[in-house]
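Mapped onto this note's numbering, the consecutive letters of the sequence shown carry residue numbers 400 to 757.
Any given hint could turn out to be false.
Pairs of lysine to aspartate or glutamate residues, derived as EDC-like cross-links and limited to a Cα-Cα distance of at most 16 Å, are as follows [said to hold, decoys possible]:
| hint | residue 1 | residue 2 |
| --- | --- | --- |
| 1 | K688 | D479 |
| 2 | K653 | D639 |
| 3 | K515 | E634 |
| 4 | K628 | E648 |
| 5 | K515 | D479 |
| 6 | K628 | D553 |
| 7 | K525 | D441 |
| 8 | K525 | E507 |
| 9 | K525 | D479 |
Estimated spans, in silico, between C-beta atoms of each pair [unchecked claim]:
| hint | residue 1 | residue 2 | range |
| --- | --- | --- | --- |
| 10 | A561 | A663 | 15 to 23 Å |
| 11 | E648 | I529 | 48 to 56 Å |
| 12 | I590 | G491 | 45 to 53 Å |
| 13 | P585 | K487 | 37 to 45 Å |
| 14 | I512 | R682 | 25 to 33 Å |
| 15 | Q484 | I651 | 33 to 41 Å |
| 16 | A561 | F660 | 14 to 22 Å |
| 17 | F660 | I590 | 45 to 53 Å |
| 18 | M494 | A561 | 32 to 40 Å |
| 19 | K515 | D485 | 26 to 34 Å |
| 20 | Q484 | N446 | 39 to 47 Å |
| 21 | A677 | I529 | 53 to 61 Å |
| 22 | K487 | F660 | 46 to 54 Å |
| 23 | L644 | V457 | 40 to 48 Å |
Worth flagging that the hints you see were computed from the coordinates, not collected in a lab. Quick reminder that beta carbons are idealized off the backbone N, C-alpha and C, glycines included.
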Amino acid sequence: MELNDENPGSKKLHHALKSSKRTVSKLHTDTLLMLHSIAILDKTTSNFTKIGIPIILVVYLARGFANGIFIPYSMTYIIDGLKNQDNKLFQGGVMLLITTALVFVVTEIVQMIYFKKLTRGIASMKRYIIDRIKREGVREDPEDLVGKISSDVDFVVWNVNAVLTTLFPNLFTAITALYTIYSFAPSIGFIATASITPYVLYAEIYSRRVETYRAQERKMYAQSIVYIKNIVYGESVNGDLDKTLKTWEYSINKILWIDRFYFATGMATWFSSMGLIAVLAGREVTMGKLGLGVLSGILYATLTTHSGMLNAMWALCVQGQTATTLKRILNYLESSSDTRGYNVLRQLAFTKPKKSIH
């Protein structure tokens, strides 16, 4: 398998990156790098963007409608049907739940086409890197290079998958659930919209802080693989395994603390917003403007909106970690004409590892 040396897409990427130098958003630069990694995956896996990406878009759009619209309305119909002894309305709510179940079952099976392309991409990337090393030789620390091939390629591809399969369904669900709130009570919809905006800020802060520690963690992980292999095979260890493991532990603990920051602030925003909307919607009920069935639909839709937005922005946090690791293997996956885009991306990084990873 070969990649074309002349890649028109890389020129477009270079111009896009160059024009983004003035950006103040780490999420923006990470997204550009993520799109570049998808383009590379498309080169190593036939029709990944033509078949794989459209499949998950359709899958998660369908799930977004089911989760964000069908379920809130089914709850409203069931409660109002029982309250008003309207059997037809009650049955309509039950049918919506059954439809939702069918949507999830069918889309789960369809996703297998997409996942097969991912696994093929991992194998193809590793073969390409190994073939390139055979042609050009080893240009860096062999210990780190072993980790890049054996671990970082898998990490990048599965994290690209995590971003796509977390971002799309949760974002679609949040949008459709927010639409449902507006359809029930526009005034509550405006408040719900304002209440989900802090998640973008939390993801931005996370992405800025996590890069240094993830780069260090990946490097230490790569070194430990070689050291442990040498010990197991009775070979000499050219380094300090204990120091490497301690540095890895330090880095991963820092990442876990940054994770806790995101989820702690996110859940505080989530449930405080739920409380505020419950009070405001409850007041509308006592004034006779909303019914109990509508109230239950609003509360469920609000819960779904915040859950979806928290997880959608978490996908961008994972993207920040993936961007860090992608930089470690990017020069082996790109043709020479792509290098300009890579250099611009490095200049755009807000935080850089304390030590060089190349």
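Tested hints:
no.: 1; hint: K688 / D479; verdict: holds, 15 Å
no.: 2; hint: K653 / D639; verdict: violated, 21 Å
no.: 3; hint: K515 / E634; verdict: violated, 38 Å
no.: 4; hint: K628 / E648; verdict: violated, 19 Å
no.: 5; hint: K515 / D479; verdict: violated, 45 Å
no.: 6; hint: K628 / D553; verdict: violated, 19 Å
no.: 7; hint: K525 / D441; verdict: holds, 14 Å
no.: 8; hint: K525 / E507; verdict: violated, 28 Å
no.: 9; hint: K525 / D479; verdict: violated, 57 Å
no.: 10; hint: A561 / A663: 15 to 23 Å; verdict: holds, 21 Å
no.: 11; hint: E648 / I529: 48 to 56 Å; verdict: violated, 30 Å
no.: 12; hint: I590 / G491: 45 to 53 Å; verdict: violated, 29 Å
no.: 13; hint: P585 / K487: 37 to 45 Å; verdict: violated, 28 Å
no.: 14; hint: I512 / R682: 25 to 33 Å; verdict: violated, 49 Å
no.: 15; hint: Q484 / I651: 33 to 41 Å; verdict: violated, 58 Å
no.: 16; hint: A561 / F660: 14 to 22 Å; verdict: holds, 19 Å
no.: 17; hint: F660 / I590: 45 to 53 Å; verdict: violated, 25 Å
no.: 18; hint: M494 / A561: 32 to 40 Å; verdict: holds, 34 Å
no.: 19; hint: K515 / D485: 26 to 34 Å; verdict: violated, 47 Å
no.: 20; hint: Q484 / N446: 39 to 47 Å; verdict: violated, 54 Å
no.: 21; hint: A677 / I529: 53 to 61 Å; verdict: holds, 57 Å
no.: 22; hint: K487 / F660: 46 to 54 Å; verdict: holds, 49 Å
no.: 23; hint: L644 / V457: 40 to 48 Å; verdict: holds, 44 Å
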